[in-house]
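Work out the full structure: start from the sequences and follow the hints.
Number of protein chains: 2
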Amino acid sequence: MRAEKESAILQAAEAVFADYGYKGATTGMIAELAGIPKANLHYYFPTKEALYRRVVEHIFNIWLDAANSFDESDDPVEALSAYISKKMDISRDHPMGSKVWANEILHRAPVIQDYLETTLRDWTASRIAVINRWIAEGRIAPVDPQYLLYMIWATTQHYADFNHQIDTLNGGEPLSDAQFDRAKQTVIGIILAGIGASPAIARKEAAE
Amino acid sequence: MRAEKESAILQAAEAVFADYGYKGATTGMIAELAGIPKANLHYYFPTKEALYRRVVEHIFNIWLDAANSFDESDDPVEALSAYISKKMDISRDHPMGSKVWANEILHRAPVIQDYLETTLRDWTASRIAVINRWIAEGRIAPVDPQYLLYMIWATTQHYADFNHQIDTLNGGEPLSDAQFDRAKQTVIGIILAGIGASPAIARKEAAE
DNA sequence: AATGATCTTGACCGTTTGGTCAAGGCTTCC
DNA sequence: GGAAGCCTTGACCAAACGGTCAAGATCATT
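Sequence lines, in order, name chains A and B.
Residue 174 in the working numbering sits at position 188 of the first sequence; the count goes up by one each step and never skips.
Residue 2 in the working numbering sits at position 16 of the second sequence; the count goes up by one each step and never skips.
If you are wondering where the hints come from, they were derived from the structure by calculation, not from laboratory data.
Among the hints, a few may not be true.
Identical chains share a label here; the pair holds if one copy fits it or two copies do between them.
[What the hints assert, rightly or not] Below, computed lysine-lysine pairings styled on DSS-like, alpha-carbon distance capped at 27 Å:
hint: 1; residue 1: K24; residue 2: K9
hint: 2; residue 1: K34; residue 2: K9
hint: 3; residue 1: K24; residue 2: K72
hint: 4; residue 1: K9; residue 2: K72
hint: 5; residue 1: K(-9); residue 2: K34
hint: 6; residue 1: K72; residue 2: K34
Being a predicted model, the structure only gives us computed values, none of them experimental.
Laid out in structure tokens, this is it:
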């Protein structure tokens, strides 16, 4: 089947692009990982750039999927918890995709600039409106929504993009499921308390 | 002077590596930006990799400088405010350095793995101990220090690494000084409130 | 079984890139 | 003024890379 073969190539491409960047990745490496000769890869994807575009589009769709979880509820605690949780899950399950995206932004988005200016901009503007309404309704503290969103993006994606650093600081081992869950709860806890959406976590009694 | 020439080359190299990644950057581009022929560049830095190492080392030293600001005070509010503020300033003043660093981690740190395993690991462990003491003393809420640090790193560096995305969402314009200051205050405010180090920001009265 | 369409592949090509080299300046010190 | 060391540079090279191509293999349809 054509679709399956393409899918296998795309999967290999995502891994190689994530590890080596657009320029650093070679069609030969991708072909080898996909288990086919380079010439065959070029039969399915005429150019390296076309292949890369497909990889980036796939990643953007995953991002869109997560974005929807923002709207699961109109309650700030539920909505933000769901959104952060979903973004953390993506970082754990699709770290390579996140890395390709990060690479693309880092290099000034030569391929996906149009997505940034349309879909991402629209989504962001509408969610800023939602957050501003929550503030007006006194449901969260008056924080600048824009920078709150950046904080959520940065923090959640960090667990994918910088997973090598995290692993190194974890003794060279990836975070266990329990550790990752603790990270997720920490992130959600700090952000929700930070915007006054849920009561602050109680401090301990001073030790002495 | 040798030192000045090397410095000019390193500056050009940092810019080009930040924009194009290690592989994407060419010694020809770096030489052109530095205003010298490529052969001359190779007189000062025999290989591309040697040049890259020097760039990365420079960036790591800037990071170390910021790391020190963590110890300006033993008060959590002051220490974390100073540290976050300093990291935000670096993101604004040296975005290219941060990008080179991000690229390096993204690609599994082929060049600076030893720094991660020594200096960074030691620094992190000792600061985790400090934060744990604050928790034991009841000065901040019991959050996992490790994930708090990651959150600070991710959020502050985001303003350098993803500045292209931020600019795009800001109508294609870089954040103004006022906007950037607001971002910084938002980040500090959310994190400090999030860990119960300072009283939560008061919510507005509900509008109706 | 024949025919045409689709897929597979080793060999090949032009371009780009990191790096070399030899010839020529420039500066310094006797 | 000349010798020695340092710096500069255009021309060049080998390797790697994206992409092509033509010849063959496989498959579907009748």
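Hint-by-hint comparison with the structure:
Both within a single protomer and between protomers do K24 and K9 lie at most 27 Å apart by alpha-carbon distance, with minima of 17 Å and 21 Å respectively. Within a single copy, K34 and K9 get their C-alpha atoms as close as 10 Å, and across copies as close as 16 Å, so both meet the 27 Å cut-off. For a Cα distance limit of 27 Å, the shortest separation of K24 from K72 qualifies neither inside one copy, at 36 Å, nor across copies, at 48 Å. In the homo-oligomer, the alpha carbons of K9 and K72 never lie at most 27 Å apart, since the shortest distance is 31 Å inside one protomer and 33 Å across protomers.
In this homomeric assembly, K(-9) and K34 come within 27 Å of each other (Cα to Cα) only inside a single copy, at 16 Å, whereas the closest approach across copies is 38 Å. In this assembly of identical chains, the alpha carbons of K72 and K34 never lie at most 27 Å apart, being 31 Å within a copy and 41 Å across copies at closest.
Comparing the model with each numbered hint stated earlier shows that hints 3, 4 and 6 do not hold.
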